[in-house]
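*Asks:* Here is what each chain is made of, one letter per residue.
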Amino acid sequence: MRRSLAAACFLVALALSPTRAVLPDEVMSDPGREARARNLSRELRCMVCQNQSIDDSEAPLARDLRLLVRERIAAGDSDAQVIDFLVSRYGEFVLLKPRFERQTLLLWLVPPFLLVVGGMMLWVQARRRATMDAQAGNPPLSADEEARLAALTAGDRTADKP
Amino acid sequence: MIAEAGHYALVLALGLALIQSFVPILGARWSDPALMNVARSTALAQFLFVAGSFAALVMLHVTSDFSVLNVYENSHSLKPLIYKITGVWGNHEGSMLLWVLILALFGGLVAALGNNLPLSLRAHVLAVQAWIAGAFYLFILTTSNPFLRIPNPPIEGRDLNPVLQDIGLAVHPPMLYLGYVGFSIAFSFAIAALIEGRIDAAWARWVRPWTLMAWIFLTLGIAMGSYWAYYELGWGGWWFWDPVENASLMPWLAGTALLHSALVMEKRNALKVWTILLSILTFSLSLLGTFLVRSGVLTSVHAFASDPTRGVFILLILCVFIGGSLSLFAGRASSLKQGGLFAPISREGALVLNNLFLTTACATVFIGTLYPLALEVLTGDKISVGAPFFNLTFAPLFVPVMIAVPFGPMLAWKRGDLLGAAQRLLAAGIAAMIAIAIAWAWARGGSALAPLAIGLAIFVVVGAIVDLIERIGLFRNPLAISLRRATGLPRSAWGTAFAHAGIGIALIGIVCETTWNSEYIGTMKPDEITKLAGYELKLDGLSQRQGPNYRELLAAFTVSLDGKKLSTMTPSKRSFTTRGTSTTEAALLTRGVSQLYISLGDTSADGGITVRIYHKPLVLLIWFGPVLMAFGGVLSLSDRRLRVGAPKPARAQGRLQAAE
Numbered sequence: 001m002r003r004s005l006a007a008a009c010f011l012v013a014l015a016l017s018p019t020r021a022v023l024p025d026e027v028m029s030d031p032g033r034e035a036r037a038r039n040l041s042r043e044l045r046c047m048v049c050q051n052q053s054i055d056d057s058e059a060p061l062a063r064d065l066r067l068l069v070r071e072r073i074a075a076g077d078s079d080a081q082v083i084d085f086l087v088s089r090y091g092e093f094v095l096l097k098p099r100f101e102r103q104t105l106l107l108w109l110v111p112p113f114l115l116v117v118g119g120m121m122l123w124v125q126a127r128r129r130a131t132m133d134a135q136a137g138n139p140p141l142s143a144d145e146e147a148r149l150a151a152l153t154a155g156d157r158t159a160d161k162p
Numbered sequence: 001m002i003a004e005a006g007h008y009a010l011v012l013a014l015g016l017a018l019i020q021s022f023v024p025i026l027g028a029r030w031s032d033p034a035l036m037n038v039a040r041s042t043a044l045a046q047f048l049f050v051a052g053s054f055a056a057l058v059m060l061h062v063t064s065d066f067s068v069l070n071v072y073e074n075s076h077s078l079k080p081l082i083y084k085i086t087g088v089w090g091n092h093e094g095s096m097l098l099w100v101l102i103l104a105l106f107g108g109l110v111a112a113l114g115n116n117l118p119l120s121l122r123a124h125v126l127a128v129q130a131w132i133a134g135a136f137y138l139f140i141l142t143t144s145n146p147f148l149r150i151p152n153p154p155i156e157g158r159d160l161n162p163v164l165q166d167i168g169l170a171v172h173p174p175m176l177y178l179g180y181v182g183f184s185i186a187f188s189f190a191i192a193a194l195i196e197g198r199i200d201a202a203w204a205r206w207v208r209p210w211t212l213m214a215w216i217f218l219t220l221g222i223a224m225g226s227y228w229a230y231y232e233l234g235w236g237g238w239w240f241w242d243p244v245e246n247a248s249l250m251p252w253l254a255g256t257a258l259l260h261s262a263l264v265m266e267k268r269n270a271l272k273v274w275t276i277l278l279s280i281l282t283f284s285l286s287l288l289g290t291f292l293v294r295s296g297v298l299t300s301v302h303a304f305a306s307d308p309t310r311g312v313f314i315l316l317i318l319c320v321f322i323g324g325s326l327s328l329f330a331g332r333a334s335s336l337k338q339g340g341l342f343a344p345i346s347r348e349g350a351l352v353l354n355n356l357f358l359t360t361a362c363a364t365v366f367i368g369t370l371y372p373l374a375l376e377v378l379t380g381d382k383i384s385v386g387a388p389f390f391n392l393t394f395a396p397l398f399v400p401v402m403i404a405v406p407f408g409p410m411l412a413w414k415r416g417d418l419l420g421a422a423q424r425l426l427a428a429g430i431a432a433m434i435a436i437a438i439a440w441a442w443a444r445g446g447s448a449l450a451p452l453a454i455g456l457a458i459f460v461v462v463g464a465i466v467d468l469i470e471r472i473g474l475f476r477n478p479l480a481i482s483l484r485r486a487t488g489l490p491r492s493a494w495g496t497a498f499a500h501a502g503i504g505i506a507l508i509g510i511v512c513e514t515t516w517n518s519e520y521i522g523t524m525k526p527d528e529i530t531k532l533a534g535y536e537l538k539l540d541g542l543s544q545r546q547g548p549n550y551r552e553l554l555a556a557f558t559v560s561l562d563g564k565k566l567s568t569m570t571p572s573k574r575s576f577t578t579r580g581t582s583t584t585e586a587a588l589l590t591r592g593v594s595q596l597y598i599s600l601g602d603t604s605a606d607g608g609i610t611v612r613i614y615h616k617p618l619v620l621l622i623w624f625g626p627v628l629m630a631f632g633g634v635l636s637l638s639d640r641r642l643r644v645g646a647p648k649p650a651r652a653q654g655r656l657q658a659a660e
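Just so you know, the sequences run in chain order A and B. In terms of this note's numbering, the first sequence has 54 at position 54, counting the first letter as 1, and numbering is strictly consecutive. In terms of this note's numbering, the second sequence has 247 at position 247, counting the first letter as 1, and numbering is strictly consecutive.
It is worth saying that the hints were derived from the structure and are not from the lab. Even for Gly, the Cβ is constructed at its ideal location relative to N, Cα and C. Mixed in with the good hints there might be a few duds.
[As the list claims (entries may be wrong)] Some, not all, of what chain B presents toward chain A, calculated at C-beta under 7 angstroms:
#, residue
1, Leu341
2, Pro344
3, Ile383
4, Ser384
5, Trp494
Here chain A stands alone, though its shape is the one from the complex (with noise of 0.2 angstroms):
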């Protein structure tokens, strides 16, 4: 369960977290234009490790990629062509977060689905539960089990007696 912390805190923290790769000769001069280059770089896959962002990645590509995204962030781009800018290089594979797409409509949709669906199931199957739980339980017992109910307790309690 903490892992899903993990994540709430991790949106969180998306703008205060840490450089970790990034070296010193690589920071720019502009403290908001560093920290948009490193909430792009967060966002962006180091295209020759396993799952790593080029914000993680010490792969001298990642290194490139760093570069390139202050390059263009300094030559005055905002994240969307930033961002546009390396997908039509690189492809989607660069991004971390897939969007949201006819090929990413299942992978968006599902959770959400699943979630709404089995809440109306579990809803629906709640509700029947109740009806059923009423008329388990309202009905009285008719003459017959009374009498049963009647006959069987007293049985009990002849048998209890020592």
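Chain A is already provided as a structure; the job is to place chain B on it using the hints.
*Replies:* Okay, now just chain B, sitting in the frame of chain A:
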């Protein structure tokens, strides 16, 4: 000779597993106790043979017998003894042997401790265990035999991957496997229940401790792995949403849901379908994890396609077991009578909601991990699904769970009082508000989410404490009575409180580490001083050292706070000559539950060295939380009703005797 003996023992274990696969089932069909009891002997013997086989491999590694391919490829005569032993499971073949060893151990335990199980149930459970074991023995013997010889033995081995030469390898994989494989017991019990078409609260009472045990090991295994990555990989990250990590997280999520469902089944005889389904899913996800990690499919789909023997074999095992068990479930689930009616607002209802969110979270991890693979196989397009995706999808699913956690134990079984629970949690709510205010003020603005997350964590922790206070009636009764009630409280209640508080504790650590850590990255020369988070770090100097099978570059730092010297830290970089690789050994200085972390980069021509220094506030809470959760699990496991043993289900016994 030792290798051949180990090999042969494994073949014998396979033979025993084959016998155990069908003889007990025939026995149950024919109501023949003698045939059913065969399973007991074969399960115990199987364990002995697999243990013998494993011991043989350990022996080969310890004696550095390089005529065995597995030893040659993963060992070195100069390697310290501990790594010679742990190196046994630091490779594919050996780790699979450890996997089946643990499986055989659990089978043996069921056989040895299951005397109070109905005979036919035990026979079925052990038969299912033998199906799994047989499949994996066959897998090892045909595709991953660790006992193969080399015709012309080399004099020296190729050494173990240096990253694995760490105490982490001694603890992490065995723990993880105890967790993964432990869930096979729940799986076998579920399949046995479906075959027999009978399941009751007594069944849940047997399944729950096994599930709990597996869950404890898996929790500790994941936490241990995370801490290992944190100090070994050199930049202080502790969770990467790597497919391999996800492979262990999925069974954990499903297992957590299973644990709670089994509880409801035991106490209220409800949620039978959930419990059976989750038993099947949890172990299926364990198998899936084994497939993902062991088939090589993750490194590249093409690598998998070019050498598919192993991957295809595990995939086959996966399909047969998951497909088979789910079809059995589909066919038989309707025959499981729903018992234990409950209102939506009740403890059962809360746990159903918990199941829904945990399984959806699990499905999210599942689809995120497998989607890129599936897409590449189907269309050839390559996409990446990484941390940003999981953070975005996983977090929203967990916030409601966290909010609901303190409510669960406060609600009564069958029909709960949400308003009453909320009133009793008022103290926790107030504590959360105060925590948010303090965190907000302390951080002086900044991100609004971090203080909110802290508040949520405090709500969970205080909620767990409030639950205990309510139960022992503290402040309402004289202290002596409260104390007496505290000692009389079932240990499972204490376990619940500890486990739930553990989640909150971990969350605090996660928020603080990710939000307020500070770092310095730069080049330092000897006698230079760096200031970070109030600490002064002076680089005293660099030195070289020769280790048993590596050379090491050490940097010595003097750490002082307010002019007073605290300690020396010596991070290092190790170069392993045999494999030509190097590892960074970070230096950690623990202050309370916060840590200073130094790792080294490359040396520059002018005598400087690149250093990364981090101050990680409250970082240890990230792992302290899971330890607390596991401790709660242990408390729960030692609860009286589990120690004393389950009562025999009179009806089930009667039916069996009637049949005899």
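*Asks:* Now tell me, hint by hint, if it's right for this structure.
*Replies:* Quick rundown of the hints versus the structure:
Nearest Cβ of chain A to the Cβ of B/Leu341: about 5 angstroms, under the 7 angstroms cut. The hint holds. Taking 7 angstroms as the C-beta cut-off, the interface hint given for B/Pro344 holds, the closest approach to chain A being about 4 angstroms. Hint on B/Ile383 holds. Least Cβ distance to chain A is approximately 5 angstroms, under the 7 angstroms limit. Hint on B/Ser384 holds. Least Cβ distance to chain A is approximately 5 angstroms, under the 7 angstroms limit.
A hinted interface residue such as B/Trp494 counts as satisfied when its beta carbon comes closer than 7 angstroms to some beta carbon of chain A; here the least separation is about 19 angstroms, so the hint is violated.
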